[in-house]
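**Student:** Kindly generate the complete structure, drawing on both the sequences and the hints.
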Amino acid sequence: MKLSCLQENLDRGLNVVGRAVAVRTTLPITNNVLLATDKSRLKLSATNLEMAISCWIGAKVEEEGAITVPARLLSEFISSLPSEKVDINLSPQTKTLGLKCARFEARISGVDAKDFPPIPRVEGGIATKVEVEALRQAIGQVAFAAATEESRPVLTGVDAEFDGDTLTLAAADGFRLAVYKLPLAQAVSQKTEVIIPARTLAELNRLMADQEEAVEITVNPEKGQALFRLKDIELVSQLIQGSFPNYSQLIPKKFNTKAVISVADFLRATKTASIFARDGSGIVRLVVAPGGEMTPGKVTVSARSEEIGDDVGDIDAMVEGEEAKIAFNGKYLTDVLSVLHEAQVALETTNPSSPGVLKPVGSDNYIHVVMPMFVQW
Amino acid sequence: MPIKALAPQVVARIAAGEVVERPASVVKELVENSLDAGATQISVEVGGGGVSLIKVTDNGAGIPSEEVELAFERYATSKIGDLDDLESISSLGFRGEALSSITAVAQVDMTTCADGEKVATHLGLEDGAIASRSTKGRSQGTTVTVLNLFRKIPARLKFLKSIATENSHIANVVSQYALAFPEVKFSLSLDGRVALRTPGSGKLLDSVAEVYGAEIAGNMIELKGEATIPRVTGMVGLPRVSRSGWGYLSFFINRRWVNSRMLARAVEEAYHGLLMVGRHPVAVIDILLPAQDVDVNIHPTKSEVKFANERAVFSAVYRTVRQALAGQTPVPHVEAANKPVFSSVVRESASPTYVGAGADLSFPPLTSAAALPVLRVLGQLDNSYIIAEGPDGLYLIDQHAAHERVLFERIERQRAQREIEVQGLLEPMPLEVSPRQEAELWSHYQELAEFGFAIEPFGGKTFLVRAVPAIVHDRDWAGMLRELLDSLSEGDKSNWAETVIITMACHSAVRAGQALTDSEMRELVRQLEQAATPHTCPHGRPTMIHLSYGQLKKDFGRT
Chain B
14 MKLSCLQENL
24 DRGLNVVGRA
34 VAVRTTLPIT
44 NNVLLATDKS
54 RLKLSATNLE
64 MAISCWIGAK
74 VEEEGAITVP
84 ARLLSEFISS
94 LPSEKVDINL
104 SPQTKTLGLK
114 CARFEARISG
124 VDAKDFPPIP
134 RVEGGIATKV
144 EVEALRQAIG
154 QVAFAAATEE
164 SRPVLTGVDA
174 EFDGDTLTLA
184 AADGFRLAVY
194 KLPLAQAVSQ
204 KTEVIIPART
214 LAELNRLMAD
224 QEEAVEITVN
234 PEKGQALFRL
244 KDIELVSQLI
254 QGSFPNYSQL
264 IPKKFNTKAV
274 ISVADFLRAT
284 KTASIFARDG
294 SGIVRLVVAP
304 GGEMTPGKVT
314 VSARSEEIGD
324 DVGDIDAMVE
334 GEEAKIAFNG
344 KYLTDVLSVL
354 HEAQVALETT
364 NPSSPGVLKP
374 VGSDNYIHVV
384 MPMFVQW
Chain D
85 MPIKALAPQV
95 VARIAAGEVV
105 ERPASVVKEL
115 VENSLDAGAT
125 QISVEVGGGG
135 VSLIKVTDNG
145 AGIPSEEVEL
155 AFERYATSKI
165 GDLDDLESIS
175 SLGFRGEALS
185 SITAVAQVDM
195 TTCADGEKVA
205 THLGLEDGAI
215 ASRSTKGRSQ
225 GTTVTVLNLF
235 RKIPARLKFL
245 KSIATENSHI
255 ANVVSQYALA
265 FPEVKFSLSL
275 DGRVALRTPG
285 SGKLLDSVAE
295 VYGAEIAGNM
305 IELKGEATIP
315 RVTGMVGLPR
325 VSRSGWGYLS
335 FFINRRWVNS
345 RMLARAVEEA
355 YHGLLMVGRH
365 PVAVIDILLP
375 AQDVDVNIHP
385 TKSEVKFANE
395 RAVFSAVYRT
405 VRQALAGQTP
415 VPHVEAANKP
425 VFSSVVRESA
435 SPTYVGAGAD
445 LSFPPLTSAA
455 ALPVLRVLGQ
465 LDNSYIIAEG
475 PDGLYLIDQH
485 AAHERVLFER
495 IERQRAQREI
505 EVQGLLEPMP
515 LEVSPRQEAE
525 LWSHYQELAE
535 FGFAIEPFGG
545 KTFLVRAVPA
555 IVHDRDWAGM
565 LRELLDSLSE
575 GDKSNWAETV
585 IITMACHSAV
595 RAGQALTDSE
605 MRELVRQLEQ
615 AATPHTCPHG
625 RPTMIHLSYG
635 QLKKDFGRT
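Heads up: the protein sequence lines correspond to chains B and D, in order. So in the numbering used here the end of the first sequence lands on 390, straight run, no missing numbers. So in the numbering used here the end of the second sequence lands on 643, straight run, no missing numbers.
Simulated restraints on C-beta separations:
1) Thr205(B) <-> Met513(D): 24 to 30 Å
2) Glu567(D) <-> Ala198(B): 44 to 50 Å
3) Asp560(D) <-> Ser104(B): 46 to 52 Å
4) Asp560(D) <-> Glu225(B): 38 to 44 Å
5) Asp639(D) <-> Glu163(B): 41 to 47 Å
6) Thr205(B) <-> Val458(D): 55 to 61 Å
7) Arg324(D) <-> Asp125(B): 51 to 57 Å
Listing some non-contacts, in silico: residues in chain D with all C-beta distances to chain B over 12 Å:
8) Thr124
9) Gly286
10) Asp476
11) Thr617
Hint data in this document are derived by calculation from the structure and do not stem from the laboratory. By construction, the Cβ of each residue, glycine as well, lies at the ideal position given by its N, Cα and C atoms.
**Tutor:** If you want it as structure tokens, here you go:
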């Protein structure tokens with residue numbers, strides 16, 4: 014293998030695939046990054062066996078070849094080099110990768126590319142496209158609701174349902190549920206439902222940050238893996254096997270009280286209250302009071318702690334229905350309020366022990382359900 | 085075979101079987117006799133595990149020449165006179181069985197010289213009959229030599245364990261009396277080797293040092309039982325010198341060595357939450373009771389006793405020990421490489437209390453002496469320990485144990501105020517349990533509501549969980565619930581509420597190996613400073629280790 018490429022391209026490529034390098038592993042080679050020539054480009058790949066990322070960068074290839082070297086070492090070395098041309102030369106006998114840039118020269122011992130875990134090919138099944146912006150927003154508003162605790166593996170993933178020209182993403186951790194509908198740029202022939210690890214989607218969101226072209230999504234017929242293809246980047250993820258809870262029945266169909274409030278005000282009041290709720294389990298109490306003839310309605314957000322003290326904040330609201338009292342884990346409220354892009358949110362409740370529903374005002378594609386905490390009033 | 089009265093030798097041997105179980109029983113009877121005779125020096129020599137030789141020499145009152153033969157008669161004793169005496173026994177022996185029982189199973193020689201006598205009387209007995217009588221020269225006191233124990237009873241001989249085992253039983257008997265009578269000089273030699281020698285200084289700590297060694301003695305605290313009835317005195321070990329067996333618990337009623345599960349339980353209760361699971365305290369406890377309040381005449385060996393008011397005794401022991409510990413609960417110190425000469429840790433104990441019959445068992449507060457100094461967090465070690473600086477040196481804090489303690493107290497407080505924080509489940513979750521867990525869940529699912537679990541039966545071995553305590557909501561609470569049910573079904577049901585709280589605290593506490601930010605560590609240390617019992621986790625493990633500046637200086641050779 015013999016090639017040359019630009020330091021900044023190589024550095025960026027290593028950063029992209031670096032997210033998939035295994036951290037703690039029993040398979041040492043997954044700490045390595047695979048370098049392989051691919052026609053007139055250099056392909057970099059890394060995998061932690063749950064997720065694999067490949068990235069292609071432009072290169073001037075003189076001799077084909079492939080090798081794996083420790084990812085962190087290579088990445089740190091390349092990032093410290095000046096922004097110039099890097100000459101890469103593999104000595105096949107010693108499996109040593111020679112790197113030359115400006116007046117620096119390094120040799121890194123490698124491991125045969127044949128030993129690198131193969132990255133599954135994802136073909137057949139369904140294939141579709143989604144606009145980057147829509148997908149980024151959907152992941153941002155859904156993935157955080159997935160469970161971090163692993164006793165129910167399906168809940169650590171995001172349920173993705175491809176149906177016609179709609180993709181529905183849903184995540185739940187047993188206490189809250191987030192559902193987001195977005196259009197597919199290319200309709201699917203057959204309705205398909207898979208569970209994608211929330212971690213994978215978080216990585217995908219990072220990779221999409223500087224992308225503009227639509228993302229290609231492919232799921233293999235066995236529903237074992239999904240491939241996300243971006244410009245010069247491919248992310249292959251294992252899918253979580255199992256069936257996701259039927260969440261549509263968990264979304265309350267009606268309400269007794271509905272308050273429309275400013276997202277920013279609600280977020281500030283909740284954050285402030287959470288400071289006082291920190292010693293316990295973060296209980297934030299909401300009292301929704303309808304307005305009178307002349308007075309606006311309001312939502313009172315409060316928290317108290319035996320040792321510390323208490324805090325009460327009022328927010329103006331347009332209230333429909335009767336007075337309501339409900340308590341939530343403050344974190345669940347701040348999580349959702351801080352990802353909403355809309356100016357106002359509607360909070361719908363039925364009683365203190367039934368789930369509350371948050372819907373951004375002005376868009377009907379997102380719904381967030383939170384189960385309350387049971388407290389003495 | 086027709087019914088007939090048994091021959092006296094047969095009767096004697098049957099009776100002896102009750103008193104003389106093994107060589108250690110002979111030693112016990114003889115040592116008790118010496119103590120009852122007011123001896124201030126008792127030496128015990130043992131050979132061959134006590135089977136070939138037991139020789140007990142004392143400087144007690146001795147037996148007048150004319151009474152020596154009578155001493156070997158069954159039910160002959162100088163210790164009590166009539167029935168009324170039996171109601172108020174102050175001596176260790178009183179049944180008048182010991183010597184006659186021993187002679188029934190062994191060859192016995194006695195040399196005794198009473199006060200005022202010029203020569204000692206020597207009596208040799210074989211098969212329960214007097215074989216020889218002569219006079220010998222010796223100072224006041226008695227020497228009893230027991231030879232060839234059980235030689236005539238092969239079955240009993242076979243039943244005996246190895247020489248080493250029998251020796252250890254004998255050593256235990258002598259040790260116990262050495263602890264009960266610190267003013268008596270005890271010496272024990274096993275096959276010519278000195279196994280124990282107490283100074284007879286009258287100080288319990290000296291006896292403890294001889295019996296258990298300097299390390300334990302250096303970690304004993306004195307119980308100062310006030311003048312109550314019953315009065316509890318003695319010493320107990322600090323939690324850091326716990327032992328894995330029960331063998332370090334010694335109880336004496338009016339200085340009589342007794343075995344009592346009830347007393348052991350009282351002490352264990354007092355150490356509750358201070359010792360790790362499976363660890364037991366060291367304690368030497370004497371209980372002073374009016375003789376009529378205790379019945380020692382239950383068993384010929386008198387090792388079991390009955391109390392007129394068991395509950396009062398239990399709570400007296402519990403309170404006295406708990407109070408002594410309350411003044412301590414220290415931070416374990418880092419062990420010095422070269423141990424210094426042990427210094428006694430004897431402190432004043434807390435205020436006096438009268439322990440009556442209906443005394444309640446509320447915990448004396450473990451606060452004042454237990455409070456933590458203000459600590460400054462320096463960093464984290466191995467993602468498991470928080471390093472902090474205090475005014476008196478370095479503290480290493482086990483993050484999991486510390487958090488467990490904080491959460492334990494929080495849950496306890498919330499429960500007491502009926503303010504357990506409960507998080508509802510969006511969708512009721514079915515919980516499948518094993519048959520054993522099912523039984524436990526059936527009997528407790530309603531009580532679990534107090535802790536924030538809303539659980540209802542759903543048919544068969546399935547239950548529906550509708551809400552969980554907020555403190556565990558983002559943990560594997562289903563796994564925790566199963567583990568809890570297992571430990572409830574195995575363990576002691578009496579404090580199941582505490583088991584629930586401990587399990588909840590343990591499962592929601594930060595794990596070892598979890599990296600913490602500076603502010604998280606500061607917050608944890610702040611909460612620990614406010615805990616009522618900051619030094620141990622609910623399982624009894626220490627939450628912190630203290631390395632004093634003095635210790636650092638010493639280890640760096642700067643002193």
